[in-house]
Amino acid sequence: MLTGWRDFDQTFRAFDLMQHELDRVFGPWALPSLFVERARRSARTSWPSINAFETKEAFVYTAEVPGLGEGDVSVLVEDESLVLRGERKSDAPPGYETHMRERAPYAFSRKLPLPGRVDAEGVTATMKDGILTVTLPKSKETLPRQIAVKAV
Amino acid sequence: MSQISSYRNGDAPRGVAPRSQPHAKVSPAVDVFENAEEVRIVADVPGVAAGAIDIRVENGTLTIEAKRVEPADGVPRALAREYDEADFVRSFRIPAGIDTANVVGEAKNGTLVVKLPKAAEAKPRKIAVRSS
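In the order they appear, the protein sequences are chains U and G. Numbering (my numbering) for the first sequence: 1 to 152. Numbering (my numbering) for the second sequence: 153 to 284.
It cannot be assumed that every hint is accurate.
Ranges between beta-carbon positions, derived for each pair [claimed, not checked]: (1) Ser139/U - Ala253/G: 55 to 61 Å; (2) Ala104/U - Ala204/G: 50 to 56 Å; (3) Ala202/G - Ser81/U: 31 to 37 Å.
Just so you know, these hints were derived from the structure itself, not from any lab. Note that beta-carbon positions come from the ideal geometry of N, C-alpha and C, so glycine has one too.
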């Protein structure tokens with residue numbers, strides 16, 4: 001065997017540690033490494049990371065779910081909450097030696113309270129480039145309505 | 153009702169972290185695999201289209217750079233933010249024996265796979281033993 005390959009993982013790791021160290025020393029505020037980011041997140045919040053937006057007609061939730069296809073997630077609206085569930089199975093290629101493993105397989109379930117009533121029938125979900133987007137149209141009763149003023 | 157008012161005040165709902173820094177450089181999570189034919193790097197870059205990924209090989213270093221940008225016309229009003237636009241960057245020193253001219257990248261479902269084929273001379277060879 002080639003000795004060069006044997007310490008391959010060390011090569012990678014050393015370089016990486018150096019980069020993390022550089023990040024830490026030179027730009028702790030400007031260049032947060034995932035190391036720090038992840039530690040902070042795991043302490044405070046659940047996975048996956050989510051953004052929530054509000055448009056005139058709908059609430060839009062997006063979630064970071066890299067490596068998941070459309071069959072790997074389920075979206076449920078219940079009790080005025082949005083429930084996201086999913087699973088990423090191990091995608092390690094068979095027959096390969098593993099040098100570094102940061103992208104662990106995972107399963108998640110996250111319940112998010114909805115900020116208003118939604119039309120559960122009209123909810124749609126799409127996946128693109130590892131981002132899940134759920135659009136929840138606001139319930140008709142809560143949409144702003146123009147009331148005609150009649151003279152009497 | 154308290155739930156709604158907390159959203160209105162711009163606070164994150166329960167269980168939601170305050171937003172991270174916009175345009176931050178983020179080191180993506182990666183896996184590194186190797187077999188007799190290649191070294192394979194897999195990186196999570198959610199929200200990045202294939203066209204926004206840059207893979208560079210220079211001075212014995214492989215650099216992956218993937219930019220996640222939001223639409224130029226803006227996004228709707230945010231109720232809660234746990235992730236932002238980001239510049240996913242990570243570098244690796246390329247070990248000896250890689251055919252750097254034939255490195256390829258594929259993006260799917262927010263996951264980038266970079267394949268670094270081994271040069272012919274670095275692949276293990278089976279030597280036939282002949283009887284004399």
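Ascending list of hint numbers which this structure does not respect: Violated hint (a single one): 2; every other hint is consistent with the structure.
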